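Residue numbers (the numbering used here), protein chains in the order written: chain A, 1 to 145; chain B, 1 to 145; chain C, 1 to 145.
Treat the hints with care, as some may be off.
To be verified - Think about it this way: if two alpha-carbon atoms lie no more than 25 Å apart in a straight line, the pair counts; the simulated DSS-like pairs of lysine-lysine are:
#, chain 1, residue 1, chain 2, residue 2
1, A, Lys70, C, Lys75
2, A, Lys67, C, Lys75
3, C, Lys29, C, Lys19
4, C, Lys115, A, Lys132
5, A, Lys75, A, Lys29
6, B, Lys30, B, Lys115
7, C, Lys39, C, Lys113
8, C, Lys39, C, Lys75
9, A, Lys70, C, Lys67
10, B, Lys75, A, Lys75
11, B, Lys70, A, Lys70
12, A, Lys29, A, Lys70
13, B, Lys70, C, Lys19
14, B, Lys67, B, Lys29
15, C, Lys70, C, Lys29
16, C, Lys19, C, Lys67
17, A, Lys30, A, Lys113
18, A, Lys75, B, Lys70
19, A, Lys75, B, Lys29
20, B, Lys113, C, Lys30
21, B, Lys29, B, Lys70
22, A, Lys75, C, Lys67
23, C, Lys29, C, Lys115
24, B, Lys75, A, Lys70
25, B, Lys30, A, Lys113
26, A, Lys67, B, Lys70
27, B, Lys75, C, Lys29
28, C, Lys70, A, Lys70
29, A, Lys67, B, Lys75
30, B, Lys132, B, Lys70
31, C, Lys113, B, Lys70
32, C, Lys115, B, Lys67
Stated by the list, open to error - For each label pair, taking beta carbons as the anchor points, the in silico distance ranges come out as:
#, chain 1, residue 1, chain 2, residue 2, range
33, B, Glu33, C, Asn80, 35 to 43 Å
34, B, Glu137, A, Glu87, 41 to 49 Å
35, B, Lys39, C, Glu135, 26 to 34 Å
36, A, Asn81, B, Asp41, 31 to 39 Å
37, B, Asp41, C, Lys113, 38 to 46 Å
38, C, Glu135, B, Pro63, 24 to 32 Å
39, B, Glu87, C, Gly92, 38 to 46 Å
40, B, His90, C, His90, 19 to 27 Å
Keep in mind that the hints were calculated from the coordinates and are not lab data. Values in this document were obtained by computation on a predicted structure and should not be read as measured data. Positions of the beta carbon are idealized from the N, C-alpha and C atoms, including for glycine.
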Amino acid sequence: MAGIWDLLNFMAQINLSTKGFNDVIDITKKVEEVVGESKIDDGVAIVFVVGSTAAITAIEYEPGLVKDIKEALEKIAPMNNNYHHEEAWHDGNGYAHIRATLMKPSLSVPIEKGKLCLGTWQQIVLIDFDNKPREREIIVKIISS
Amino acid sequence: MAGIWDLLNFMAQINLSTKGFNDVIDITKKVEEVVGESKIDDGVAIVFVVGSTAAITAIEYEPGLVKDIKEALEKIAPMNNNYHHEEAWHDGNGYAHIRATLMKPSLSVPIEKGKLCLGTWQQIVLIDFDNKPREREIIVKIISS
Amino acid sequence: MAGIWDLLNFMAQINLSTKGFNDVIDITKKVEEVVGESKIDDGVAIVFVVGSTAAITAIEYEPGLVKDIKEALEKIAPMNNNYHHEEAWHDGNGYAHIRATLMKPSLSVPIEKGKLCLGTWQQIVLIDFDNKPREREIIVKIISS
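Only chain A is shown next, with the shape it has when bound in the complex:
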């Protein structure tokens, strides 16, 4: 039965250094590499960032939109607001938690014929909201459909 389980079961971890401060990092190639290694042709990739001050989403990864998303999030949860979270940790990253909770840590992307079903201008990104550089751990689970 080993053969079946090998085909069904694939996980990889992507480790990344970020600059924090809403750093937007294109991880599409790294996720594609995991899909390739998995040898799973049809299924779904679930991409999940561990931690409560970062999110995974999709964007057309170009410098203008990277600025635009930072500005949009600055309106939604400004970096310099007074957050109640400050009372717990005094670490100045309340905004980062709120952004992460609104945007959520996971994204699911279908796989067909061994490729992620992304549009040409649709990339998978990590956004690290924290107010310092971080080492981030992203889990990629490949589920055979």
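Got chain A; can you put chains B and C on it based on the hints?
Okay, now just chains B and C, sitting in the frame of chain A:
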């Protein structure tokens, strides 16, 4: 082993014409049809829109809320703001990218006894934010749990 | 073949009483219990709330951030705005629908070695936006990867 793989593996594509401009389209019946065709009784449907100016979410699909979600998004990322994205493409849809990145392209819905586990007033919708009519491709993957 | 299907197929329902009014409830332990019962060591937990006025997300569950997320959502979709939804139902919860549609009803969390891959300060929460106490039904599907 073919029987097992047939049961585990099901994918369908939904093709839709939209009016763009934050068009909210109820796709619940189309997703239900895919679930029916899959003959998978227990699992999850992963609904994913290809492209970086649209999103999949759930809503009580009634005309008032369709207006309300458009007005809420207009506050979050106004259509007529100046976006840096304009410098790359000059196509006036920066707002659409920002809304899509905030709302994300995928939604996962459990399936039990051959039915999507939705509430009575909970529908699956595509929102097409782009500033023109579009032909959209939605991928539905059914994963047997 | 029963053995295979038992391993692949696991679902549980979590039933919860909420206070409504943006009640944020930590459901991590309940989801962990489902993972334990499933005896699935590697896979993904898909957590989904039935209904169109609640969402599932992740947060560092501490009292300050619970206040902060409520305040952030009050800016995005104020409770006392005039919503078009009012014309359909006259039940005063237009804000709740808009918040739920923006935040979405599902979250996917990888499982490794029988444990959810959450950070130490990363909890799974239900947020019930409705303007009254509710009995909520959360579906947890465990998919073996």
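The hints, checked one at a time:
no. : hint                                : in the structure
1   : Lys70(A) with Lys75(C)              : 18 Å, holds
2   : Lys67(A) with Lys75(C)              : 22 Å, holds
3   : Lys29(C) with Lys19(C)              : 19 Å, holds
4   : Lys115(C) with Lys132(A)            : 28 Å, violated
5   : Lys75(A) with Lys29(A)              : 30 Å, violated
6   : Lys30(B) with Lys115(B)             : 13 Å, holds
7   : Lys39(C) with Lys113(C)             : 10 Å, holds
8   : Lys39(C) with Lys75(C)              : 42 Å, violated
9   : Lys70(A) with Lys67(C)              : 23 Å, holds
10  : Lys75(B) with Lys75(A)              : 10 Å, holds
11  : Lys70(B) with Lys70(A)              : 21 Å, holds
12  : Lys29(A) with Lys70(A)              : 23 Å, holds
13  : Lys70(B) with Lys19(C)              : 28 Å, violated
14  : Lys67(B) with Lys29(B)              : 22 Å, holds
15  : Lys70(C) with Lys29(C)              : 23 Å, holds
16  : Lys19(C) with Lys67(C)              : 15 Å, holds
17  : Lys30(A) with Lys113(A)             : 18 Å, holds
18  : Lys75(A) with Lys70(B)              : 18 Å, holds
19  : Lys75(A) with Lys29(B)              : 36 Å, violated
20  : Lys113(B) with Lys30(C)             : 23 Å, holds
21  : Lys29(B) with Lys70(B)              : 23 Å, holds
22  : Lys75(A) with Lys67(C)              : 18 Å, holds
23  : Lys29(C) with Lys115(C)             : 11 Å, holds
24  : Lys75(B) with Lys70(A)              : 16 Å, holds
25  : Lys30(B) with Lys113(A)             : 23 Å, holds
26  : Lys67(A) with Lys70(B)              : 23 Å, holds
27  : Lys75(B) with Lys29(C)              : 36 Å, violated
28  : Lys70(C) with Lys70(A)              : 21 Å, holds
29  : Lys67(A) with Lys75(B)              : 18 Å, holds
30  : Lys132(B) with Lys70(B)             : 16 Å, holds
31  : Lys113(C) with Lys70(B)             : 43 Å, violated
32  : Lys115(C) with Lys67(B)             : 42 Å, violated
33  : Glu33(B) with Asn80(C): 35 to 43 Å  : 40 Å, holds
34  : Glu137(B) with Glu87(A): 41 to 49 Å : 48 Å, holds
35  : Lys39(B) with Glu135(C): 26 to 34 Å : 32 Å, holds
36  : Asn81(A) with Asp41(B): 31 to 39 Å  : 48 Å, violated
37  : Asp41(B) with Lys113(C): 38 to 46 Å : 29 Å, violated
38  : Glu135(C) with Pro63(B): 24 to 32 Å : 28 Å, holds
39  : Glu87(B) with Gly92(C): 38 to 46 Å  : 44 Å, holds
40  : His90(B) with His90(C): 19 to 27 Å  : 45 Å, violated
Going through the hint list in order, the structure does not satisfy hints 4, 5, 8, 13, 19, 27, 31, 32, 36, 37 and 40.
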